[in-house]
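Given the coordinates of chain W, assemble chain H onto it according to the supplied hints.
Chain by chain, the residues:
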Amino acid sequence: MMSIADLASSSQTPQRATAAPIEEDTLGTVASTGKRRARGTPRRVGKSTGSRIIEEHAGSLGTGLLGVGAMFVCVTFALFSLARFVTLWSEYPAPLAAAGAWLLFAGLLVAAGVVIRHNDDRLPDWMFFVFLGGLAGVIALDLIAVWSLGDVAATASAAVAAGVGLVAVVGVRAARELWTAAAAVGTILLAADLLDGDIDTDRLVPTVSMLGQAVLPALLGALIVRSFRRLVTLELDRVLVQSTVSAPRYAVGMLASEELARLDLAAEQLLEGVASGATTLPLEPKLAQRAASLATELRLHLIEGRRETWLHHAITESDLLGRRVTLSDPGTLAGLLDPRQRDGLFSAIWLLAGEAGTKVAKQGRPTLQLTLGPIAVDRDLGPLHKVIVPITIETTGVARGRVDPATWDAVRRVGKHVDSMRGGSLCIEIECLADNPADS
Amino acid sequence: MERIVKERDRLLRRSARLLGLTGTFAALLCFAVPGSIEFASLTVLIPSFALLIAALYRVGVNGSLVWAGVAVAAGASIVLLVHLATIGALAAFTGVGASPTGLTSAAETGVRFISSWALASIAVILVTSLGRMLLLAAAFAVTAATTIAATATAPEGLLTLCAVIAGWALACALGTLLAVGVVRAARRISNIGRAHRAERQASETEAQRRQGARLLHDTVLATLTLLAHQGVGVSADALVQQAGDDARLLRQLRLGTAPLPAAASEYNLKTPVEESTLGNTLEAVKQRFGRMGLSVSWHGTGQVLLPADILDAFLGSLAECLENVRRHAGVEEAHVTITDDDTTIRAMVTDNGVGFDQSSIAEGRLGFKESVVARLKEIGGNVRVFSAPGSGTTVVLEVPK
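Going line by line, the protein sequences match chains W and H. Residue numbering for the first sequence follows the numbering used here, starting at 1 and increasing by one per position. Residue numbering for the second sequence follows the numbering used here, starting at 441 and increasing by one per position.
Next up, chain W with everything else stripped away, as it sits in the complex (with noise of 0.2 angstroms):
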């Protein structure tokens, strides 16, 4: 019986004899673009965790709730153009046009209403364009039944409500969408205000408040739910972070380890391939380059070891950290921080961040430097076993007047700190004591 180390080198003699010359060569091309997935996957995967988790809790995370809400704006918008409707009734040169328009508008709201309640809050595309074309059905009615009034803004009732319309989807499309249907819609009544008669100033206002009613509703509404999404993200994102707080001094992580179960999964697929003599050989060059490619990843992840910190985790996993800040912990020191010191860490990073001006954000620039060590050995004042960490924490952009109280609370946990304004921003040191890896 052959020992382990017999069988490795026995194993790699004749592969490296036959495969010397050319192995350097995909190992330069391939190494390349192993090291540029490394940059490149991890926010990317790490995007798509996040709205993955979004997108299956679509209906739970305050939505669904917004999305009554929303019918209920609609439907109060649009008693007042029904009362119009009623009043006008008497006046209307083609009554049953615009009654048709109403009858049209209630339908479209309930089958909204039910389609987008059984389909946990959801409204596929196709869907959505069925509803904006039906509401353009309800322009179009309204203002043939209204048009020969001469009068389009202080007449039309069903063609306003339309755009009030537009609310009642407003939890489950897009702002922009949205936005750009309440322009179209503003614009179609402009258009037909400005062409159904003379043009006079004095009934400028009944257009403002046409406009207004029909407009502003999806605009203002859109935008509170973009608010409130973008609330419920930033959070979701927080506490998914979070949880690399309880992790060893090393870990793997999330987007490694599902890296590394894709790249496992991927060898298997080309090696049953093989096996089974769906893929012939010789491998047609792209196969082979990718075959190349998945050993030097594989490679990358198993023999480099890519253990790393809860920090360096968190901030790749994170979209809002991954932007926002830079980290350098060449000695991996943030593992030694025991719970309630990374807890405090975390949470200062987290508001800073939050804090940090979006202006320079936008520019691609982290404003946050993180900076861990190097271990302070000639201090003489802790207790034996103890080491001192000490942690920078530079920003750009940050004025000190503008921090969140509950920074200062959460750098207390980490350790005695010093602040100090360094070109116009805020720049934090702590010392952090820990306990000695020598010593454990």
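These are computed hints drawn from the structure, not numbers from a lab. Glycine included, C-beta positions come from ideal geometry on N, C-alpha and C. Wrong hints could be hidden among the right ones.
Which bits of chain H does chain W cover? Going by a derived footprint, with three or more residues having C-beta under 8 angstroms, they are [to be verified]:
1) 468–477
2) 545–558
3) 565–578
4) 602–612
5) 688–695
6) 769–776
Frame of chain W, contents of chain H only:
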């Protein structure tokens, strides 16, 4: 929770500011249109508008109730000033007498935007506590009273009053829904977070298991590299064989039934069938059952090399027997004795459980027949069962080497 409440309040006051400022500018537009109110009267309104805009802006910054009060006062003063200008009470300042036609329709629209929209937006931040709701009632009373005073005699006075009531109702609903929605979402998110923490731990364990499977991955890497180089120097058959073995091991790793990685495989393109050692894989089976509450004691040799397909069948049958013990025998301990000679390897699974009457179920049990008997027959092995009610069960599995 404290942080999310802070976030909620920020969302509420920003929404209030957004709505309030929009309504204010719409109202300003209505008053500024020629023929709405006299220019001199408009100038009287300007300071109130400035104050209203400033107050709404401050409400958005820090949600201060004082500024909310200022906003309501400023808005009410606009409505009242419009009314006074219409009835000519401001003639001393503006030189504009009472309007003979009363409140113009345009000015009434302006008033409507102020009281049912701009001021109602304040309600969004006043729904979060009982104390605030009292302030809300007061603010609504002030707004409604001034609006009634100003528009009671106007042609669409009733509509304006309805609009005010609806506007405030909507603002209250919006504030409540946002507040409840945020808290609900936060609670939900904290549940997701808990689940995620468990998932993270599992994925960490999983990743370490995969990373620990060094030897397995060594052979996979070598095979992949060979494939990348078009298998130079190795026969295609051997390569196909090796690829199949590697794929099988990766699958086992993925499904979690893997033999412990350190023993996963040897890399040997010369021999036709790859062999695996038994010892560590048995240890893995033992650990698996240990986790499920059945402690398994091993006796005898563990250092046996078996061809891959035989090892699979052998371990699968053994695990199935242990699973039967775990489920039916009513004991928490089982013994497995492994012996081998030149041609055969033999495992004896023994328990002191309830046993069963062989004549009653013996071969009729499809599960046992399919999973153990058939599996072993396929590779030329066989199985024997000894049992009687009350005296435990012994299963002997035999496979050729």
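Tested hints:
With a threshold of 8 angstroms between beta carbons, the proposed coverage of the region 468–477 of chain H by chain W holds, since 6 of its residues qualify and at least three are required. Coverage of the region 545–558 of chain H by chain W holds [criterion: at least 3 residues with CB-CB distance below 8 angstroms; count 5]. Restraint check on the region 565–578 of chain H versus chain W: 0 residues with Cβ-Cβ distances below 8 angstroms, three needed, restraint violated. With 5 residues carrying a beta carbon less than 8 angstroms from a beta carbon of chain W, the region 602–612 of chain H meets the three-residue requirement, and the given coverage holds.
Residues of the region 688–695 of chain H with a Cβ under 8 angstroms from some Cβ of chain W number 4, which satisfies the need for three, so the listed coverage holds. With 0 residues bearing a CB less than 8 angstroms from a CB of chain W, the region 769–776 of chain H misses the requirement of three and the coverage assertion fails.
Going through the hint list in order, the structure does not satisfy hints 3 and 6.
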